[in-house]
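Colleague: Given next are the chains, with one letter for each unit.
2 protein chains.
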Amino acid sequence: MEEIKIFAPASVANVSCGFDVLGFCLDPVGDVMHVSKTKTPGVQIGTVTGQELPKDPLKNVASVAVSAFLEAHPSKEGFRIDIDKRIKPGSGIGSSAASAAGAVFAVNELLGAPYTRAELVQFAMAGEALASGAAHADNLAPVLLGGFTLVRCNATLDIIKLPTPPDLVATVIHPKIELKTIHSRAILKSDIPLQKGVAQWGNLGAFISALYTENYELLSRSMQDEVIEPLRAMLIPKFNEVKQAALDSGALGSGISGSGPSIFALSRGRETAKKVGDAMKTFYDQIGLDYDVHLSPINQQGIKIL
Amino acid sequence: MEEIKIFAPASVANVSCGFDVLGFCLDPVGDVMHVSKTKTPGVQIGTVTGQELPKDPLKNVASVAVSAFLEAHPSKEGFRIDIDKRIKPGSGIGSSAASAAGAVFAVNELLGAPYTRAELVQFAMAGEALASGAAHADNLAPVLLGGFTLVRCNATLDIIKLPTPPDLVATVIHPKIELKTIHSRAILKSDIPLQKGVAQWGNLGAFISALYTENYELLSRSMQDEVIEPLRAMLIPKFNEVKQAALDSGALGSGISGSGPSIFALSRGRETAKKVGDAMKTFYDQIGLDYDVHLSPINQQGIKIL
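Protein chains in written order, with my numbering: chain V, 1 to 306; chain R, 1 to 306.
If you're looking for bench data, these hints aren't it; they were derived computationally from the structure. Warning: the hint list may mix true and false statements.
Heads up, the list lumps identical chains together, so a pair's fine if it works in one copy or across two of them.
As the list claims (entries may be wrong) - No more than 20 Å apart at the CA atoms, straight line, and that leaves these computed lysine to aspartate or glutamate pairs for EDC-like:
1. 196 / 158
2. 196 / 226
3. 189 / 226
4. 196 / 229
What you are looking at is a predicted structure, and each value in this text was computed from that prediction instead of being measured.
Go ahead and model the full structure; you've got the sequences and the hints to work with.
Modeller: See the structure below:
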C-alpha cells in the first residue's frame with residue numbers, strides 16, 4: 001500500500017467520574033488524514049486545511065507521533081501527512097489525540113500493520129506530550145480502540161476496552177473560546193480531600209458496573225465529579241447553567257469534556273440527546289457566544305479507513 | 001416465627017483498591033446468633049459466648065442496630081439476642097458488621113421480612129457507627145448481599161452487587177494483636193495527592209471490569225493501594241513481608257483486610273490459596289506471634305438461616 005486515507009474521530013475524556021482514566025469515542029466529528037509513502041525517509045507535513053497547524057515536523061503532533069513510531073520500527077521509506085483538520089485544537093474533544101493516533105494508525109497500515117491498535121497508543125503518546133505537556137492516554141485509547149476505554153495505569157499503558165450500553169447518545173457543545181489543556185491542568189491542585197477521592201472512585205466503579213449491566217439509572221447516578229469539575233467550571237462560560245439545562249432536559253449526566261471548554265452530555269436515545277443540545281445552546285445564544293453542537297452515538301470502531 | 005438462628009459471616013473491606021467502597025463476603029468464618037421474641041418490648045442481649053461483648057443494649061452493636069430497625073418499624077414484641085461471637089472484635093474482618101447485620105436480618109425475618117436485604121443496611125449502619133465512630137457500609141453490604149459489593153455512595157447507601165469470578169479463593173491471616181478501626185482511621189491523612197487518587201480510581205475501575213469479565217490477570221494488576229496501605233502498613237507486624245510472601249506464592253493480590261490487622265490475599269483456586277496461607281504464617285511463627293488463618297471461597301449468599 002502506497003497511500004491511505006483515514007478518519008480520526010474526536011473523543012471525550014474524563015467523563016465526569018474518570019479524570020485521566022476514562023474516555024469514549026465520538027462518531028461524526030473527526031479529522032481526515034491522507035498519508036502517503038515518500039522516497040526520502042522521515043516525516044513531512046503536507047497540506048493542512050481546516051485549521052492552522054505547524055508544518056515543522058518537530059512541532060506537529062502527527063509527525064512527532066509518527067517519528068516515535070519510526071524510532072521503534074525504522075523504515076527506509078518516508079511519509080507525507082496531509083491533514084484536513086476538522087477538530088478545533090483546544091476545544092476539549094481530543095484534537096491532538098486524533099492527530100497523533102490517526103497518523104500512527106495510517107503509517108502502521110502502510111507498513112503492513114506490525115502493531116495492534118492497542119500497541120499504537122505508546123507511539124501516539126509522544127504527540128500528546130507535545131500538545132499538552134503531560135502525556136495521557138485517556139483520549140488516545142478511545143480513538144484507537146473505539147467505545148469506552150479505561151486507562152488503568154498511564155505509565156504502563158494498561159488499557160481496557162469497556163462495553164457500551166446500546167441506547168447511549170452523546171451531545172457535545174463547544175463554546176468557541178480556546179482553552180489549552182496545559183492551562184486547565186494548571187488550575188488543578190496537587191492534593192485532594194480523601195473523602196472526595198472516595199466519592200470519585202465509588203462513582204467510577206459504579207459507572208463501569210453500569211456499562212457492563214446496561215443500567216442507565218446507575219450510570220446517571222454515578223456521573224458525578226467532585227474533584228475536578230468544581231475547579232475547572234470557572235474556565236467555561238455558563239458551565240453550571242449549561243450542565244443544569246442538560247440534566248433538566250433528560251440527560252443522564254453532563255460534565256466538562258476533557259479539559260474543556262466543550263461540555264458533553266450522555267442521554268438515552270437520540271431524541272433526548274437532541275433536546276439536550278437545544279437546551280444547552282440557549283445560554284450561548286443569549287450571550288452571543290459562537291458554538292458548535294454535535295450529536296453522536298458512541299463510536300465502537302474508533303479510527304477507520306476511508 | 002418465634003425464634004431464628006442465623007450465621008453472620010465475616011467480610012473483607014477495601015480489597016486494596018477500593019477504600020471505603022469495596023468489600024467481599026467470607027464463608028466459614030462468622031458469628032452464630034439466636035434471636036427470639038420476648039413479651040416485653042425492646043431489645044436485650046442474652047448469652048454471649050466466644051468473646052466478651054457489652055450486655056448493655058445501648059453499648060452492644062447488635063442491639064443498637066436492632067433499635068434503629070425498630071424505630072423505623074415499631075413492634076409490640078421485644079427481642080432477645082444470644083450471640084456466639086466467633087469473629088474477634090478488632091481483627092479487621094468485619095466483626096461489628098456481622099453483629100449488626102446479623103441482628104437486623106434476624107429481627108426482620110421474625111417480623112415477616114418487611115425489608116429487603118439491601119434495605120437492612122441502613123439500620124445496621126447504626127451498629128457500625130457505634131463500633132467505629134464513622135459508619136461505613138463496605139463490610140455491611142457484602143455480609144447482607146453476599147459476594148463482592150460496591151458502595152457507590154455511603155450517604156445514600158447506593159449499593160451494587162458485583163459478580164464473582166468462579167475460581168477466586170480468599171486467604172485471611174489474623175495476627176493476634178487488636179487494632180480498633182477508630183485508631184487505624186486516625187492514622188490516615190485528610191488529603192491525598194491527586195496523582196495517587198487517579199491511580200486508585202484507575203485500579204478500582206479495572207478491578208470491577210475484571211470481576212465482570214473474569215479476567216484474573218487484570219484483577220491481579222489492579223490490586224494496588226497507593227493511598228491507604230502505605231500509611232497503615234506500619235500498624236501491622238511484618239505486613240510487607242507477609243504480603244510479599246503471598247504474592248511470591250502465587251496470590252493474585254494481597255493487602256490489609258479492612259482496617260487491619262488481618263491481611264487477606266485472593267488466589268485462583270484452593271490449592272494456591274492454601275500455599276499462600278502457609279507462606280504468610282511463617283513470619284508469625286518466626287516471631288512467635290499467635291495467628292489464625294482462614295481459607296474461604298467468596299460467599300455468594302451472605303447471612304444465612306441455620
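Colleague: The structure should be examined with respect to each hint, and the outcome stated for every one.
Modeller: Against the structure, the hints come out as follows:
Taking CA atoms no more than 20 Å apart as the test, residue 196 paired with residue 158 passes between copies only; the shortest distance there is 16 Å, against 25 Å inside one copy. Proximity of residue 196 to residue 226 under the C-alpha cut-off of 20 Å is found in both arrangements, the shortest distances being 6 Å within a copy and 16 Å between copies. Taking identical chains as interchangeable, the C-alpha atoms of residue 189 and residue 226 lie at most 20 Å apart whether they share a chain (13 Å) or sit on different chains (18 Å). For the identical chains of this complex, residue 196 and residue 229 are neighbours both inside a copy (12 Å) and across copies (18 Å), given an alpha-carbon limit of 20 Å.
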